[in-house]
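Chemist: Sequence:
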Amino acid sequence: MNTLSKANFKGKKVLVRIDLNSEIINNKVIENQRFKAHSKTIKELKKKKAKIVLLAHQGRPKQKDFTDLKQHAKILSKYVKVKFVPIVGKESRSIIDNLKEGEVILLDNVRKLKDEYEGSKNNKFVKVLSKHFDYYVNDAFSNSHRKHASMVGFPKVLKSFMGRNLEEEVKALKKLHVGKALFILGGAKPKDNIKLLNNKRKILSCGLFGQLSLIAKGVNFGAQNKFLKNKIGIVKKSKLKNVQFPMDFAIKIGNKRKELQLNEFPSKYEIFDIGGRTIELYKEEIKKAKIIFMKGVPGDFLNENFSKGTREILKAIGKNKGFSVVGGGSSSDAVSKFKIKGINHISLSGGALIEFVSGKKLVGLEVLK
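The sequence shown begins at 1 in our numbering and counts up by one.
Hints in this document: simulated from the structure, not taken from any laboratory.
Any given hint might turn out to be false.
[To be verified] Simulated restraints, written as ranges between beta carbons of each label pair:
hint	residue 1	residue 2	range
1	N230	S358	22 to 30 Å
2	N242	E101	53 to 61 Å
3	E44	K83	17 to 25 Å
4	V363	G218	38 to 46 Å
5	E23	N242	31 to 39 Å
6	K195	G218	21 to 29 Å
7	A172	K49	27 to 35 Å
8	S358	I232	18 to 26 Å
[Claimed, not checked] Under the rule of at most 20 Å between Cα atoms (straight-line distance), these lysine to aspartate or glutamate pairs were calculated in the EDC-like manner:
hint	residue 1	residue 2
9	K10	D97
10	K12	E101
11	K114	D68
12	K40	E168
13	K70	E23
14	K171	E366
15	K202	E355
16	K337	E23
17	K315	D300
18	K217	E270
19	K337	D300
20	K252	E270
21	K226	D248
22	K147	D115
23	K226	D300
24	K171	E44
25	K200	E285
26	K217	E264
27	K308	E285
28	K369	D134
29	K13	E101
30	K49	E103
31	K74	E103
32	K6	E101
33	K319	E284
34	K287	E312
35	K83	D68
36	K202	E280
37	K6	E167
38	K283	D248
39	K114	D65
40	K290	E280
Here a beta-carbon is modelled for each residue, glycine too, at the ideal position from N, C-alpha and C.
Build the full structure now, drawing on both the sequences and the hints.
Modeler: Shown next as structure tokens:
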């Protein structure tokens, strides 16, 4: 795969796919680590006097977080000056043709186009827009598992390159020797974690995945079982060999933390973190590990009363002298929030990261080869 070092970008029009997908609360886009990460590639192309057009997405059609990218452009402009263009597709051609060297524009949400969901080079969106560019850059590792036009269509018709963010992800993950790694799997997306279950891997479970694993083994948490009713059955007991489970949990009474041992459940209160005994047990396992992969947080780290599990686990990984990768949006945000040092690579990816680590080929990378 070509890197940005392998071309002269001066005066060239460059289409750059980035991933600015963000959490939205009360119609406000919440800044995450991706904005700063992508600015590295954009700044380099800007310095090389390229004419830069950014493609990105937010949410999915008909979902609450499906919106335009106006706020995203404002946040990105904190790191590199970007102009938002509230259109995408053939209507943006004249704007693109009149770009000056070093100028950067962000087109509107690419998922507003039906053609985005068709990856072929014969795609109308790709046909129309590609004629106005010299090069294509994929800097969105986190979206590289999706067979969308902006990911796989343009590389079929334009000379293509890896952005620096994508390049760093690939380099780091190639160093992750999966067979020897200790896996710490948590977060709110248990389906992702299931893809990594392997009877030969040592796994520390936490978050919703840990709770569902214990439910699969017959534990009744009470209120938490009701909260998870639509997810019960996702995790199968037969897949849980070599998985270590939490011994205790922190429940929320009012906004206060109270820890319960596993044998003290069921409870009428919901779970928001792993408990102290589990934290200490997992820290000892982390100390012994030579390679660590963590995906997803143990608890509600944004609430100070329930941040202990996430903070302590990440601190232990940071102190470990082996090779470590922490992935997922919430995990990377937690690393930033708690100012954790010593982790070798912080991935901003979720689904793409899981597929890469599980050994699957990512279509967005394959087309760059």
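Chemist: Each hint should be assessed against the structure and marked as holding or not.
Modeler: Evaluation of the provided hints:
1. N230 to S358: 22 to 30 Å: holds (24 Å)
2. N242 to E101: 53 to 61 Å: holds (56 Å)
3. E44 to K83: 17 to 25 Å: holds (19 Å)
4. V363 to G218: 38 to 46 Å: At 40 Å between Cβs, range holds.
5. E23 to N242: 31 to 39 Å: The hint (31 to 39 Å, Cβ to Cβ) holds, given that E23 and N242 are roughly 33 Å apart.
6. K195 to G218: 21 to 29 Å: holds (24 Å)
7. A172 to K49: 27 to 35 Å: This hint holds: roughly 30 Å between Cβ atoms.
8. S358 to I232: 18 to 26 Å: Holds, since S358 and I232 (Cβ atoms, about 23 Å apart) stay within the stated range.
9. K10 to D97: Holds, at roughly 15 Å.
10. K12 to E101: holds (8 Å)
11. K114 to D68: holds (15 Å)
12. K40 to E168: holds (11 Å)
13. K70 to E23: holds (14 Å)
14. K171 to E366: With a Cα-Cα distance of about 15 Å, the restraint between K171 and E366 holds, given a limit of 20 Å.
15. K202 to E355: holds (18 Å)
16. K337 to E23: Satisfied, since the Cα-Cα distance of roughly 16 Å is no more than 20 Å.
17. K315 to D300: The given pair, whose Cα atoms are some 16 Å apart, holds under the 20 Å limit.
18. K217 to E270: holds (19 Å)
19. K337 to D300: Roughly 13 Å between the alpha carbons, so the hint for K337 and D300 holds.
20. K252 to E270: holds (6 Å)
21. K226 to D248: holds (19 Å)
22. K147 to D115: holds (12 Å)
23. K226 to D300: Holds, because 18 Å separates the two Cα atoms, which is no more than 20 Å.
24. K171 to E44: holds (19 Å)
25. K200 to E285: Measuring from Cα to Cα gives roughly 16 Å; hence the hint holds.
26. K217 to E264: holds (16 Å)
27. K308 to E285: holds (17 Å)
28. K369 to D134: Within the cut-off at roughly 18 Å; holds.
29. K13 to E101: holds (9 Å)
30. K49 to E103: holds (8 Å)
31. K74 to E103: Holds - the C-alpha atoms of E103 and K74 are around 15 Å apart, at most 20 Å.
32. K6 to E101: holds (19 Å)
33. K319 to E284: Status holds; Cα separation ~12 Å.
34. K287 to E312: Roughly 12 Å between the alpha carbons, so the hint for K287 and E312 holds.
35. K83 to D68: Answer holds: K83 to D68 is near 14 Å, not above 20 Å.
36. K202 to E280: holds (17 Å)
37. K6 to E167: The hint holds at about 13 Å.
38. K283 to D248: holds (15 Å)
39. K114 to D65: holds (17 Å)
40. K290 to E280: holds (18 Å)
Hint check: no violations occur; every hint is consistent with the structure.
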